[in-house]
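Could you build all of it, start to finish, from the sequences and the hints given here?
These are the residues of each chain, in order.
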Amino acid sequence: MYLTLLGLNHNSASIDIREQFAIQEDQYNKLYKTILSKNVSECCILSTCNRVEFYIFTDEDISKDIFLEIIEDAMNVDRSKLDEHSYHKSGREAIQHIFFVASGIDSLVVGEPQVLGQVKDAFQRAKDNFAISNFMLHLQDYTLKIAKKVRTDTGICNNPVSVSYAAVELAKKIFDNLSSASALVIGAGEMCELAIKHFVTSKIGSIIVTNRTYEKACTLAKEFNATAIEFDKFSSALEEVDIVISSTGADYFIINHDRMASIMSSRKHKPLFIIDIAVPRDIDPEISKIDNVYLYDIDDLRQIVELNKKSRDKEAKKAAEIIDVAISKFYKSVEVMKINPVLKDVKDFFISTKDSELIKYLEKNKIDNKDEIAKLDTFLSSVINKQLHNLFTNIKTNVDSKKIHTLADAAKIIFNQEEIDNSEK
Amino acid sequence: MFISYALMVYILAFLNILLRVFISSKIAVILAIVFSLIGLGLNIHEIAIRYVLVGGFQTSTLFDFSIFLSIAFNLTFLFLFYRYKKVVIGLFLIPFSIMFTALSMFTQVSELPSTVYSLWRFGHLPFVIMGSTFFIASFISSIMYLIQDNNLRLKRFGKLYKVFPSLDTLNNINNISMRVGFYFFTIGSILGFLWIVQIAEVNDISWFKALQFILSAYPSFFIFKITFSTITWIYFAILILIKVKYGLPPKKLAMFTVIGFFSVILTYIGVGVSL
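Listed in order, the protein sequences are those of chains A and B.
Residue numbers for the first sequence follow this note's numbering, beginning at 1 and rising by one.
Residue numbers for the second sequence follow this note's numbering, beginning at 1001 and rising by one.
Just so you know, not all the hints are guaranteed correct.
In the BS3-like style, the derived pairs of lysine-lysine whose C-alpha atoms are separated by at most 30 Å in a straight line are [said to hold, decoys possible]:
(1) B:K1245 x A:K268
(2) B:K1159 x A:K149
(3) A:K81 x A:K33
(4) A:K314 x B:K1026
(5) B:K1086 x A:K145
(6) A:K203 x A:K270
(7) B:K1155 x B:K1086
(8) A:K268 x B:K1155
(9) A:K318 x A:K148
(10) A:K148 x B:K1243
(11) A:K197 x B:K1245
(12) A:K344 x A:K197
(13) A:K145 x B:K1251
(14) B:K1159 x A:K203
(15) A:K318 x B:K1026
(16) A:K64 x A:K38
(17) B:K1086 x A:K314
(18) A:K309 x B:K1085
(19) A:K149 x A:K203
(20) A:K386 x A:K375
(21) B:K1085 x A:K268
(22) B:K1243 x A:K268
(23) B:K1086 x A:K203
(24) A:K310 x B:K1085
(25) B:K1159 x A:K310
(26) B:K1251 x A:K270
(27) A:K120 x B:K1026
(28) A:K314 x B:K1085
(29) A:K403 x A:K329
(30) A:K145 x B:K1245
(31) B:K1086 x B:K1243
(32) A:K344 x A:K412
(33) A:K289 x B:K1026
Honestly, the hints are just simulated from the structure, not real lab data.
Bear in mind the structure is a predicted one, so any value in this text is a computation, not a measurement.
Shown next, in the form of structure tokens:
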């Protein structure tokens, strides 16, 4: 049985190519049906804005040509274009790839959290379309488990890599609890909107919006349940708020040093975090010299983002090591999974033998006391369970052994692991 | 025997705090707290043994003094962790527990003369020790505040920036440590005063003579300890008063805490060395 992958992502194809292969929600059903009709046992399709990937589980190894043919038939796309921009992986490489994708290592922004949800959704959609069973369900469990482990055990998603999120994280280093902090947003452009979004997600206490065009401030305030004030009143708001986000189109400093010094005096030097994301800058950089004022401009935030990206890349190496170990464990678990039905049959055989022998014994000795029968049954079951537990553990431990054993050796392994180990030594 | 176990678990607690701070291990937080609690248990066990053997709390000998200091730093750490869930403060407090537990291992177990025996002294020293420990926590959080402020101001995003809590948290730790320390210190001082009064009445001597009489039972450095403890109490009393009445900005409060504490400690050491 083979797992094979064909896909394209942000590294192999530009956005205009990716757009051509993007899959709409109403296309999945037909796609799954067509792919499964091509001697494919199981299939899972992952489609996000940065990638489209097809994972198939088949009886035979599938070459890139055959895979392209399957996708060409299913999607009716230009095969040569898909060939040019796609990658083809099988076996260990394919498993490593899905682990990388779910962990965020293969993402455009390393460590981004959304992809894990998208992988989860992809498996669920495949399940809804009856496209996955034993192997892929097992792969799904393992993938989600490893992705969570990578995120917990490494710092891959610890440091923000977007300017707005970096601003929120900085604010958290000044204010303990953002829910009791308030922010003043000066401007109503796209950058301000993005910053508000991040602060709202981080549950900021309250937001005041101001803009030269009051109506724009009102529209933005309404969208985020904030308060709008007129532009000439923002100085008085500065005396109350904890965070200021400024991005106006002004070609002069809207707050200068002397004005801020007097505002800080009025607010009894309560710390003030100012994010100036405007170019040209809105806030006089001299303000950063005032005690308890923490001023950051767009370059400062970009510098943080760059540092964080480097730190994530470093963590990605640690994550790759975790995944490497996980792949070997996954293979072993697949072997165990394969042997489980056999073990179940063995157990059933033992239990049925126990039941029939118990009945014979009870009849022979004329035992009809229910308590006594229950005790005998419990005793025999526990003996069987204990013996089988040891045997099954030995079998599962050696299930991925590639050695060819004689029946006698196999029996030794199954019945007594230590002896065979010692004799080998 | 139990002292060496206590020393070992405090070291383990400290190592786990290091693991938490430098490699972000989450399990290390639990282990650090568990080890601190075990260390606390072992220290208390030592005090209990002393109680059984001697027939009362011996809070005033150098041995017991060291054990109490170790307990006090540990308790301060556990209290601040419980309150703010930031284990990083332990990086600075647990070493004191290690230091004083180690010190107690090299201290002769001695008894105070029964002439200065009083019930008040059982309360006096633990309260004063707890007070001093919280003042030290206040000093440490102030230093952390100033470092973090500097990091944010100069845009230095190194390891300390990442592991130190927010300015708000550090300011809160400073505030609460200062207040709790002040309460403990004040209660301890009142109990100490009652001790003097009792000794004065029993021996029919003046309060000043009673103080001299009590101090004669201790090593000579205790005289300076009392002098500078009093100066520390007055300094923090003024600081708290200014903060409550006029509202000190967090950075100024941190600066005054550090300056005050440094000058008291330096003078203390200076006087001790010169004598």
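Status of the hints after comparison with the structure:
Distance restraint check for K1245 of chain B and K268 of chain A: the Cα-Cα separation of roughly 13 Å lies within the 30 Å cut-off, and the hinted pair is therefore satisfied. Between the alpha carbons of K1159 of chain B and K149 of chain A the distance comes to roughly 24 Å, so the proposed pair stays at or under 30 Å and holds. A distance of roughly 23 Å separates the Cα atoms of K81 of chain A and K33 of chain A; the hinted pair therefore holds under the 30 Å criterion. For the proposed pair K314 of chain A and K1026 of chain B, the alpha carbon gap of about 20 Å is at most 30 Å, so the pair holds.
Of the supplied pair hints, the one linking K1086 of chain B and K145 of chain A holds, its CA atoms being roughly 28 Å apart against a limit of 30 Å. Between K203 of chain A and K270 of chain A the CA atoms are separated by roughly 21 Å; this keeps the pair inside 30 Å, and the hint holds. In summary, the hint linking K1155 of chain B to K1086 of chain B is supported, as the alpha carbons are separated by about 23 Å, within the 30 Å threshold. Taking the CA atoms of K268 of chain A and K1155 of chain B, the gap is about 24 Å. The hint holds against a cut of 30 Å.
This hinted pair checks out: K318 of chain A and K148 of chain A have alpha carbons roughly 14 Å apart, not beyond 30 Å. Distance hint between K148 of chain A and K1243 of chain B is unfulfilled; the C-alpha atoms sit about 47 Å from each other, more than 30 Å. Restraint check: the Cα-Cα separation between K197 of chain A and K1245 of chain B comes to about 39 Å, which exceeds 30 Å; the hinted pair is violated. Restraint check: the Cα-Cα separation between K344 of chain A and K197 of chain A comes to about 54 Å, which exceeds 30 Å; the hinted pair is violated.
Annotation: proposed proximity of K145 of chain A to K1251 of chain B is violated, straight-line Cα distance about 45 Å (limit 30 Å). Under the criterion of a C-alpha separation no larger than 30 Å, the hint pairing K1159 of chain B with K203 of chain A is consistent with the structure, at around 27 Å. In summary, the hint linking K318 of chain A to K1026 of chain B is supported, as the alpha carbons are separated by about 17 Å, within the 30 Å threshold. For the hint pairing K64 of chain A with K38 of chain A, the CA-to-CA distance comes to about 15 Å; that is within 30 Å, so the pair holds.
Distance restraint check for K1086 of chain B and K314 of chain A: the Cα-Cα separation of roughly 26 Å lies within the 30 Å cut-off, and the hinted pair is therefore satisfied. Between K309 of chain A and K1085 of chain B the CA atoms are separated by roughly 28 Å; this keeps the pair inside 30 Å, and the hint holds. Between K149 of chain A and K203 of chain A the CA atoms are separated by roughly 27 Å; this keeps the pair inside 30 Å, and the hint holds. Of the supplied pair hints, the one linking K386 of chain A and K375 of chain A holds, its CA atoms being roughly 16 Å apart against a limit of 30 Å.
Among the hinted pairs, K1085 of chain B with K268 of chain A is consistent with the structure: their alpha-carbon atoms are about 29 Å apart, no more than 30 Å. About 12 Å separates the Cα atoms of K1243 of chain B and K268 of chain A, which keeps this hinted pair within 30 Å; it holds. The suggested pairing of K1086 of chain B with K203 of chain A holds, with an alpha-carbon distance near 21 Å, which does not exceed 30 Å. Pair hint K310 of chain A plus K1085 of chain B holds up; C-alpha atoms about 29 Å apart against a cutoff of 30 Å.
Annotation: proposed proximity of K1159 of chain B to K310 of chain A holds, straight-line Cα distance about 14 Å (limit 30 Å). For the hint linking K1251 of chain B to K270 of chain A, the alpha-carbon distance of about 9 Å falls within 30 Å, and the restraint holds. For the suggested pair K120 of chain A and K1026 of chain B, the alpha carbons sit about 26 Å apart, so the restraint of at most 30 Å is met. For the hint linking K314 of chain A to K1085 of chain B, the alpha-carbon distance of about 28 Å falls within 30 Å, and the restraint holds.
Of the pairs offered as hints, the one joining K403 of chain A and K329 of chain A holds, with about 18 Å between alpha carbons and a cut-off of 30 Å not exceeded. With a CA separation close to 56 Å, the supplied pair K145 of chain A and K1245 of chain B exceeds the 30 Å bound. Proximity of K1086 of chain B to K1243 of chain B is assessed by CA-CA distance (about 25 Å); at most 30 Å being required, the pair is judged to hold. Note on K344 of chain A and K412 of chain A: the hinted pairing holds, with a Cα-Cα distance of about 21 Å set against a maximum of 30 Å.
Between the alpha carbons of K289 of chain A and K1026 of chain B the distance comes to roughly 37 Å, so the proposed pair goes past 30 Å and is violated.
Checked against the numbered hints above, the structure violates hints 10, 11, 12, 13, 30, 33; every other hint is satisfied.
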